[in-house]
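Undergrad: Each chain, written out:
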Amino acid sequence: MTQQLENILEVNNLQTVFATEGGEVRAVDGVSFVVPKGKTIGIVGESGSGKSITSLSILRLLAKNGKVNDGEILFKGKDLLKLTDKQMRDIRGNQISMIFQEPMTSLNPVYTVGQQISETLIIHKKISKQEAMKQSVDMLKLVGIPSPEKRVKQYPHELSGGMRQRVMIAMALACDPEILIADEPTTALDVTIQAQILELIRDLQNRLDMSVIMITHDLGVVAETCDYVAVMYAGQVVEYSDVRTLFKNPKHPYTLGLLNSLPRHDVDQEKLIPIKGMVPSPHDMPVGCRFAPRCPVATQACHTKPPMLESIGNNEQIRCWMYSEEWDGDSEVTLYGEKRTVKG
Amino acid sequence: MSVQTEKVTNATRSNPRVEAFKTFSKRLLKNKAAVVGGLVILFIIIVGLVGPFILKTDPNAQNLVNKLQPPSKEHWFGTDNFGRDIFTRIIFGTQLTLKVGFLSVFIGGIIGVVVGIVAGYYGGMIDTITMRIMDILLAFPGILLALAIVSVLGGSLINVIIAVGIFSVPAFARIVRGSTLQVRKLEYIDAVKALGASDGRIIFLHILPNIMSPIIVQATMRIATAILTASGLAFLGLGAQPPAPEWGAMLNEGRTYMHNASHMVMFPGMMIIIVVLAFNIFGDGLRDALDPKMKQ
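Residue numbers (the numbering used here), protein chains in the order written: chain C, 1 to 344; chain W, 345 to 640.
Careful: at least some of the hints might be erroneous.
Said to hold, decoys possible - Ranges between beta-carbon positions, derived for each pair:
| hint | chain 1 | residue 1 | chain 2 | residue 2 | range |
| --- | --- | --- | --- | --- | --- |
| 1 | C | Asn249 | W | Asp635 | 52 to 60 Å |
| 2 | C | Pro263 | W | Ser369 | 50 to 58 Å |
| 3 | C | Ile312 | W | Gly544 | 47 to 55 Å |
| 4 | C | Gln130 | W | Glu363 | 42 to 50 Å |
| 5 | C | Asn69 | W | Asp635 | 39 to 47 Å |
| 6 | W | Asp479 | C | Ala223 | 40 to 48 Å |
| 7 | W | Met556 | C | Gln269 | 30 to 38 Å |
Said to hold, decoys possible - No more than 30 Å apart at the CA atoms, straight line, and that leaves these computed lysine-lysine pairs for DSSO-like:
| hint | chain 1 | residue 1 | chain 2 | residue 2 |
| --- | --- | --- | --- | --- |
| 8 | C | Lys305 | C | Lys271 |
| 9 | C | Lys153 | W | Lys370 |
| 10 | W | Lys529 | C | Lys82 |
| 11 | C | Lys150 | C | Lys129 |
| 12 | C | Lys67 | C | Lys305 |
| 13 | C | Lys150 | C | Lys86 |
| 14 | C | Lys78 | C | Lys64 |
| 15 | C | Lys271 | C | Lys248 |
| 16 | C | Lys64 | C | Lys76 |
| 17 | W | Lys417 | C | Lys153 |
| 18 | C | Lys134 | C | Lys78 |
| 19 | C | Lys125 | W | Lys529 |
| 20 | C | Lys67 | W | Lys529 |
| 21 | W | Lys417 | C | Lys126 |
| 22 | W | Lys400 | C | Lys150 |
| 23 | W | Lys370 | C | Lys129 |
Stated by the list, open to error - Covered stretches of chain C (in silico footprint by chain W; criterion: 3 or more residues with CB under 8 Å from a CB of chain W, positions within the stretch not fixed):
| hint | region |
| --- | --- |
| 24 | 19-30 |
| 25 | 58-68 |
| 26 | 125-133 |
| 27 | 165-174 |
| 28 | 211-217 |
In short, the hints are calculated from the structure, not lab data. Glycine included, every Cβ here is placed at the ideal spot set by N, Cα and C.
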């Protein structure tokens, strides 16, 4: 893995479970990835793949019935899971920040924008209200809100969705965090605003030299913003690679399926090819590879033995039997109309 | 929606709290009964505060020659069995009544809000245990609970205030817990948590300001109940002790003379009715004006 870059965050074998009425559910099962300093890593997956739970696990903000069962989350070498609640609070918003999907409801209606940005500063930097308000104006300027002196005094309902998301970003970045977790930051916004917000995040990342964890279901967002990508399926990372490799040479059948289900403008397509079937219920996970029931090339081994996340090449990890020595299928397979030669 | 947002963003609006207050007062003023209730409360408060200074007479001054006089020019509300002027006593009693009403609701409100918000925010065992305790308190008929507390603490005005306060706790706790459960789920609570806010900060700076309306309404309504309960206790001889001009105590004293000097019970009784009614009607109006959706 990227030896030359320092890894600011390392997630190893993270396992998050939820106690539900139907028994214990493993929402995240053995997820590992690294976040290099100053880079953006995308976590992609469909609803219920565990991507949001992964991010909430990092900040230890899981709902009451959820808990991290196993694994470690190393932030600059410290395991976040071992910190006290107080130490964790000092990290939240200060060193690791998060922005949420719904800018319309993520701001408290009874406080002004300035008061809410100030709050982060007052909590962590212990500065006076006046000083915090001054810095809030600077933050609004930083996130590209015009006439910030006027805006700090306004209330959330006076701002549009895009503006509010900018305010959320200002709140998250007020203390100059080293990692920003963006949980579907553009999903609730309309397309033109989406592009602006992504552009803003990318621009701020370069200027402030922070790392970003971009959680999304949108491969378009990944292509635009990320350096590395972890593709998640049913609570596991199935493919991890740099963004170029992922789009040019996707390896996991699920990744391929995802890419094939997107409209493209560089080739003529009669129709989009959906991935058949449904995400397995977390109560009833397949014994073997979790994607096997939907995989067009799954073999006997795929249905019975779960594959491990294996490194192939210098920057790639795949969770698929097809790329292992033990592959028992054909050496040439056709995946979504594409011929591939695999190890055999 | 978007049109509205645009308009708001373009025009420099004043503080939305001021705006909200304007729409609230407009709605409240439209409700004639609530306005009357509010004016009566205002009048009673002024009387309670200023009255004793204007009258400058002693409410306990006895004049046995003039006892049990019917209302007249000198004694507007008549005199009692000791020849004390009932009008003066009622004016002085206003202060006692308001003191009991406001202080007990203040005590009960503070405890109830803290209990409700903590139960609603933390949930789980804390919620179950505190709410079951509240259920136990609620299971007693109101006056019986206050009676029990006063008989343990002993009869005095302060103890009545404490008793009525305790008896108001569950009503506040339940309402606050319900509202907290709603607000807790909102995304901005998650957002401030992700920014490193502590539980205390979230509870008092982010949840409490958002659930003030039901608390205000509840407090107004509870004042009426508190006054009624305190008068009831005094009537039973457990509240303010004679010769304090407490309305309930006056009712009790007049009880024996009801047949030949009905004015002795009529005026204090009427005052209790008027004040309780005023707080109830005003509370109803407040509720409708603060949150029209709460109106059934």
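Undergrad: For every hint, state whether the structure bears it out.
TA: We went through each hint and held it up to the structure:
no. : hint                            : in the structure
1   : C:Asn249 / W:Asp635: 52 to 60 Å : holds (59 Å)
2   : C:Pro263 / W:Ser369: 50 to 58 Å : holds (55 Å)
3   : C:Ile312 / W:Gly544: 47 to 55 Å : holds (50 Å)
4   : C:Gln130 / W:Glu363: 42 to 50 Å : violated (26 Å)
5   : C:Asn69 / W:Asp635: 39 to 47 Å  : holds (43 Å)
6   : W:Asp479 / C:Ala223: 40 to 48 Å : violated (57 Å)
7   : W:Met556 / C:Gln269: 30 to 38 Å : violated (56 Å)
8   : C:Lys305 / C:Lys271             : violated (34 Å)
9   : C:Lys153 / W:Lys370             : holds (25 Å)
10  : W:Lys529 / C:Lys82              : holds (27 Å)
11  : C:Lys150 / C:Lys129             : holds (17 Å)
12  : C:Lys67 / C:Lys305              : holds (27 Å)
13  : C:Lys150 / C:Lys86              : violated (35 Å)
14  : C:Lys78 / C:Lys64               : holds (24 Å)
15  : C:Lys271 / C:Lys248             : holds (21 Å)
16  : C:Lys64 / C:Lys76               : holds (27 Å)
17  : W:Lys417 / C:Lys153             : violated (61 Å)
18  : C:Lys134 / C:Lys78              : violated (33 Å)
19  : C:Lys125 / W:Lys529             : holds (28 Å)
20  : C:Lys67 / W:Lys529              : holds (19 Å)
21  : W:Lys417 / C:Lys126             : violated (68 Å)
22  : W:Lys400 / C:Lys150             : violated (56 Å)
23  : W:Lys370 / C:Lys129             : violated (34 Å)
24  : 19-30                           : violated (count 0)
25  : 58-68                           : holds (count 3)
26  : 125-133                         : violated (count 0)
27  : 165-174                         : holds (count 3)
28  : 211-217                         : violated (count 0)
In terms of the numbered hints stated before, the structure departs from hints 4, 6, 7, 8, 13, 17, 18, 21, 22, 23, 24, 26, 28, listed from lowest to highest.
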